[in-house]
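Chains as they are written, first to last, in numbering that gives the first Met the number 0: chain A, 0 to 351; chain B, 0 to 178; chain C, 0 to 156.
Note that these hints are calculated values from the structure, not bench results. Take these hints with a grain of salt, some might be off.
Derived coverage of chain C by chain B (criterion: at least 3 residues anywhere in the stretch with Cβ under 8 angstroms from a Cβ of chain B; other residues may be distant) [unchecked claim]:
| # | region |
| --- | --- |
| 1 | 14 to 27 |
| 2 | 30 to 37 |
| 3 | 68 to 82 |
Below 20 angstroms or equal to it, Euclidean Cα-Cα: the simulated SDA-like pairs (lysine to any residue) are [unchecked claim]:
| # | chain 1 | residue 1 | chain 2 | residue 2 |
| --- | --- | --- | --- | --- |
| 4 | C | K86 | A | P195 |
| 5 | B | K39 | C | E9 |
| 6 | A | K265 | A | L288 |
| 7 | A | K150 | C | T78 |
| 8 | B | K125 | B | L90 |
| 9 | B | K12 | C | V71 |
| 10 | A | K94 | A | C74 |
| 11 | A | K150 | C | P126 |
| 12 | C | K86 | A | T191 |
| 13 | B | K12 | C | L26 |
On the chain A side, residues computed to face chain C include the following (Cβ under 8 angstroms) [as the list claims (entries may be wrong)]:
| # | residue |
| --- | --- |
| 14 | W133 |
| 15 | P134 |
| 16 | Q145 |
| 17 | A149 |
| 18 | L241 |
| 19 | G242 |
Virtual Cβ for every residue (Gly too), placed ideally from N, Cα, C.
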Amino acid sequence: MRDVAIVSYAQAPMQRDAGGRTDVELLVPVMDQALAGAQLGRKDIDFVCSGSCDYLAGAAFSFVMAVDALGATPCAQESHVEMDAAWALYEAWLKFQCGEIDTALIYGFGKSAPGDLPDVLSLQLDPYYTQPLWPDSISLAAIQAQMSIAKGCFSEREMAQVVAESRRNAQRNPHAQLKGEYAVDGLLSEPTFVSPLRRHDCSPISDGCSVLILASKEKAAALCERPAWIKGLDHRMESHFLGTRDLTTSASSKQSAEALQLDRDKLDCAELYAPFSHQQLILQQALGLKENTDINRSGGALAGHVLMAAGLDRFGAAAQEIFAGRADRALAHATSGPCLQQNLFGVLEGAA
Amino acid sequence: MTSRPSPDIPEPKEMVERPVYLTYRYRANPQSNRFLHAIKQGLILGVRSKGSGKVLVPPPGVCPETGTLTPGEMIELSNNGTVLSYTIVHLPIPNSKLKPPFVVANILLDGADQAFSHLIAECELKDVQIGTRVRAKWKPEEEWDYGLENIEYFVLSGEPAVDIESHREARLQEAAKHA
Amino acid sequence: MSAGQPPAPEALLEAEFELGFTYSRTLGPVIGTCFAVLANHRFLGIKRSDGSVLFPPLEYDPETAESLSEWVELGDTGTVEGYCWVKHPRDKHNELAPFAWALIKLDGADTPFLHKVRVPDESVICPGLRVKPLWVAEPQGDITDIAAFVPASEVNS
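Using the sequences provided together with the hints, build the complete structure.
Okay, here's the thing in C-alpha cells:
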C-alpha cells in the first residue's frame, strides 16, 4: 500500500440558496483556497476527480462546466463520479495505489435550491416497485426512525440531543448553515414534520462546494505541516430493497468497522455523515463508538448538507482536526442512498 | 432446477412506462443576466478574461483556460464574424422553419476569442468554407427576447475570406496584451 | 470596441422549466409476472433457497445472488411493520389528505414492501395494523394498480 494523506481542504459557506451563481463560480475561490493551503498551483496537480449529480439542479453534464474551474488548458487528467465526492476521493486513492500520481485534487459541488430535493432523491430508488410511488427521502428516513424507536434502539429525546449538539458544535464552524444553543426540551416541544421526525431532525438543504487535496508520502510532508494520513478505506453497500434490510442498524457499517480493525479506544473524533439525527445514532451504535470519541465537531450534515460534497466534507473536517493537532486519529464517513444504504469509511491518523 | 410452480402463472408483462418529470427554477448568474438583457436590446456582449486576456462570448463566469473568475470588462461585439468550422445538416429541426439541408457553424465574432454555434442560411452550401465571413441577421425587433435566437441566422457578408491561422495568431497577440 | 455604457444592472432573470424523461422499462420474467397478476388483484411472492418468501419478487436472492423462480401465492391482507405519517403530502405523492408510508408484510411473505396507507388520523396507524389493498378502477399491471392500502376492517371481504 502507498501512503496517501489529505494535505489541504477548503469549503464554501453552506447556504440555503446560492442564487444565480453557477457551480463553477462557487468553485473557483474554494479551489484557490485549497491550493493555497498546500502552496500548489493548478498545474501542479496530477489528477482531478469530482463528485456531483445533474438531477440536483436539472443541468445536464454540469460536471463538464465545472472543469472550467481547473483551467484545464491544454488539458488535465480528470475523472468524475455521479456520487458524493467522497467516492471521488476513493477513486483518486486507488489511482495513488496504482502508482500513477503523487497529487490529486478532489472536489464536490451541489446546488439543490433550483429543484425539489426530496423528490429528486426519489430517483435513487428501484424504478419498478418503489420509485413510481414517489416516496421522498424524508419519508423513508422517518420510517427508519419509527422502527428504531419502536425497537428501543434510542428515543426521540436522544435524537433531539444529537441536534442540539450538532448546532452547538457548529458554532465553531464558520461555514455552517444552522448553529446555536438549543435546549433539548424546546426541540422536543416542536411539532412533528413527517412523524416521528421533526423538522430539526432533518438536515437542511444547502448549496455549496468543497475541495480537498491528496498527496503521496513523497510529496505530503512538503505541502502540509501535519498531514492526515489515510490508514484505511472501506466501502460497502446494502440491498436497494428496504424490505430486505434491517433498517434499525447499519449492517454494512458493522462490517466496515471490522474490516478496518477500528480501534475505538484510540479514536479521538468521528465525522459521521448522517442526514437525519437518528441516523447518527444508528451509525454510532453499529460502529460501537465510545465516550472518548467526539462525534461531528464540525456540526455534521445537520448543520449544513451540500449533496455530493457532504461526504467529502466529513473527510475534510476530520482532516482539519488532525492538521490542527486536536486529534491523532479520526474516522470519516460518507453515505449514499436511502436509509444509509451505502457507507464509506476512512481512518485518518496524524502519525505517518 | 425450477420446481413446477403451483400457482397459476400467466405470461409476464413485458414493459411499463416510467416517465419522470421534475420542475426546476433557473436563475441567471450576473454575467449571463447582463448578456441576456443586452441581447434583448440587440447587442451581443462578451467579457474579457483577466486571466487569459481573451474575450469570451457568451460570458461564462469563469475563464476555462485559467480557471479564474471573469468579473471584468464587458465588451460589445460586432455583428460580423468568421466561420471556424461548419457542418451541413440534412435532418429537420423540430419546430423550425428551416428546411434542410442547412448549415450549422462555429462562428467567431470580430473582437471575440471564443466561437459559438449558430445557423447560416440564404446561401449556396458550397459557399460556406472555413474562413468565410458572415453577418448576423436579426429577427424583427418586436420578436426579440432573452436569447441568441434573436439572431435568426447568419448570412454571408460578402467580405473576402479570412485566413484562420493568421487571424488566430493576431488574436493571441491581442489577448496577451490584456492578460 | 468597448461598450461606452454597459447596460444598467437589471432584474435577475428567472425561468421555471420542466425536465422530462420519458422512459419505458422492460420487466423481465419475474417483475413482469408480478405485475401481470397484480392486474388481476393477485400477489405472487418468490421463494428463496432458505424457504423464505420475497415480496416484491426479485430475479436474484439479495443475499446469495441465487437465481429465483419458485412462485408462491400470497394473501391480499398484510401487516404494517414500520411507518411514518405525512401531514403535508407532496404533489408527487398523489394523495389529497395526510397519509402514512408503510412497510407492509403480506400474508405468506417474509419481507415487507413499501406502499401508502390511507387512514383518517395518525393515531390509527401502528405496527401490527392489518391492511388490505385499495385497487384502482382500471388496473394496468403495475405497482400503482394499488392506490393505497386501508385498514382491513374497512374492507368488505
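Please list, smallest to largest, the hint numbers that this structure does not respect. Those not satisfied: there are none.
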